[in-house]
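Q: Residue numbers (my numbering), protein chains in the order written: chain L, 536 to 699; chain R, 94 to 165.
Treat each hint with caution, since some may be false.
Derived pair list, reagent style DSS-like, types lysine-lysine, alpha-carbon separation capped at 27 Å [said to hold, decoys possible]:
hint : chain 1 : residue 1 : chain 2 : residue 2
1    : R       : Lys121    : L       : Lys623
2    : L       : Lys571    : L       : Lys641
3    : L       : Lys593    : L       : Lys579
4    : L       : Lys626    : R       : Lys95
5    : L       : Lys607    : R       : Lys121
6    : L       : Lys593    : R       : Lys95
7    : L       : Lys623    : R       : Lys95
8    : R       : Lys95     : L       : Lys629
9    : L       : Lys626    : R       : Lys128
10   : L       : Lys656    : L       : Lys626
11   : R       : Lys121    : L       : Lys597
12   : R       : Lys121    : L       : Lys565
13   : R       : Lys95     : L       : Lys652
14   : L       : Lys637    : L       : Lys672
15   : L       : Lys672    : L       : Lys611
16   : L       : Lys637    : L       : Lys596
If you are wondering where the hints come from, they were derived from the structure by calculation, not from laboratory data. These numbers come from a predicted model, not from an experiment.
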Amino acid sequence: MKTLLLFLTLGLHLYAGISEGDKAPDFTLKTLEGTKTYTMQNFKGEVVLLNLWASWCKGCKKEMPEFFELQKSYKKSFKIVTVSVDDKASKSQKFLQSVEKKTGIKTPFISLHDSDKSVAKAYQAVAMPSSYLIDKKGIIRLIIVGSLNSEDIEQLKLEINKLK
Amino acid sequence: MKITLLLSLILLLSGCSDKLVRVMPYEKEHFADPKMSLSPLAERAEHEGHIFLIREASAGGDSAYQGGCGCR
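Excised from the complex, chain R in its bound form (with noise of 0.2 Å):
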């Protein structure tokens, strides 16, 4: 009984064994794809960053001399 369980908790902790599970470096060819980045265009994303921050009024823009009121 007691090797029974033994073995199947061996056999458990296997699965979770690192090779096992983790996406190996060699792998991300489709996680390095640009596709996958959250921002894919950095210039789009600046402008989006620009608006958000505007629409929120919160922050005063994307930096130091912009009010917050979308102009400049």
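Same shape as in the complex, but just chain L (with noise of 0.2 Å):
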């Protein structure tokens, strides 16, 4: 019986998904640089917007600029983590210096490096792009599947100025 119980429960599993109230999966991630290691743990008590994209991914090339102009609307207590899931981290730097290009602003955010795919492992992400609205506890306040328009944007400003 015993057996039984545990063999469904490695089959519920695999079914589980990461859903809104769950605690963040940490993680430990270099920059696209490799210069520095990040882990969640470095950003307690502050609210995250943890972004998965890639070059590759048309979608998440369309929301890069808005996160531009979101991380320079917010000095303080927010801070936006992109996640690229590209096997190069070079082509995720070549599309963020065209973005620097095209708006004039340097990457005012945290750009990570997921070559194993780990965190979009752990985060169970269903689409490119995905993000994941962390609170100051660590704790997922919300979770957005697909690219974010100007429209977007400022409801999700509504949902940031309620978690800071």
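Make one complex out of these two single chains by using the hints.
A: Put into structure tokens, the structure is as follows:
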């Protein structure tokens, strides 16, 4: 009977997804440049927008300039952390440089590289891009599937202000 | 016997789990490569379509004003 329960638990675990109200899974990732390492602990006490993206994903590329503007409008207590799932960090860097040229803003947020897709797996991303709004206590408050336009960003700002 | 059968069934079905079989969205880098497109070059695809329809001589070319003869 115990064995049966164990197998059932394992089976159900495969279907269990991450949802709002869950604790944000921890991670250890390096920046795109590979110079600095970050974990979730680094963002304790701050509202975080964790964004999973890739340079091959059209929706991700579309929303990226919006994130440049969003981070620029918040100086304290809110951080955007982008996690690229590109195989090569250079592809992400190249794209971010093109956005820098276009917007005239130097990348204002932390850009991490997840080549083995460990964060995407831990957060059980169902689409690209996916964003997770995490509160000061490290709890996921909002899961956003798909890309955000300027109107969505305004709605997101209301949510961020509530958590700040 | 029944338990063994049930366990085998669970193991077998877990093999069909969505997460084990499906290519996850974050794993689609190679699928997203333009090389993987059926028509990687839009201009070339248009030209090929035009030639194909002329040879077929059945649909009257690629647009409304062409007669299917290959000429304009």
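Q: So, for every hint listed, does it hold in this structure?
A: Structure-based check of all given hints:
The suggested pairing of R/Lys121 with L/Lys623 holds, with an alpha-carbon distance near 14 Å, which does not exceed 27 Å. Between the alpha carbons of L/Lys571 and L/Lys641 the distance comes to roughly 18 Å, so the proposed pair stays at or under 27 Å and holds. At most 27 Å may separate the alpha-carbon atoms for a hinted pair to count; L/Lys593 and L/Lys579 exceed this at roughly 31 Å. Between L/Lys626 and R/Lys95 the CA atoms are separated by roughly 54 Å; this puts the pair beyond 27 Å, and the hint is violated.
Distance hint between L/Lys607 and R/Lys121 is unfulfilled; the C-alpha atoms sit about 31 Å from each other, more than 27 Å. A hinted pair counts as satisfied when its Cα atoms are at most 27 Å apart, and L/Lys593 with R/Lys95 does not qualify at roughly 51 Å. In summary, the hint linking L/Lys623 to R/Lys95 is not supported, as the alpha carbons are separated by about 50 Å, beyond the 27 Å threshold. Using a Cα cut-off of 27 Å, the hinted pair R/Lys95 and L/Lys629 is violated, with the two alpha carbons roughly 58 Å apart.
Note on L/Lys626 and R/Lys128: the hinted pairing holds, with a Cα-Cα distance of about 17 Å set against a maximum of 27 Å. As the CA atoms of L/Lys656 and L/Lys626 are separated by approximately 21 Å, the hinted pair is consistent with the 27 Å bound. Under the criterion of a C-alpha separation no larger than 27 Å, the hint pairing R/Lys121 with L/Lys597 is consistent with the structure, at around 18 Å. The suggested pairing of R/Lys121 with L/Lys565 holds, with an alpha-carbon distance near 22 Å, which does not exceed 27 Å.
As the CA atoms of R/Lys95 and L/Lys652 are separated by approximately 40 Å, the hinted pair breaks the 27 Å bound. Distance restraint check for L/Lys637 and L/Lys672: the Cα-Cα separation of roughly 35 Å exceeds the 27 Å cut-off, and the hinted pair is therefore not satisfied. For the given pair, L/Lys672 sits about 16 Å from L/Lys611 by alpha-carbon distance, which is consistent with the 27 Å threshold. Between L/Lys637 and L/Lys596 the alpha-carbon distance is near 12 Å, which keeps this suggested pair within the 27 Å criterion.
Hints 3, 4, 5, 6, 7, 8, 13, 14, counting from the list given before, are not met by this structure.
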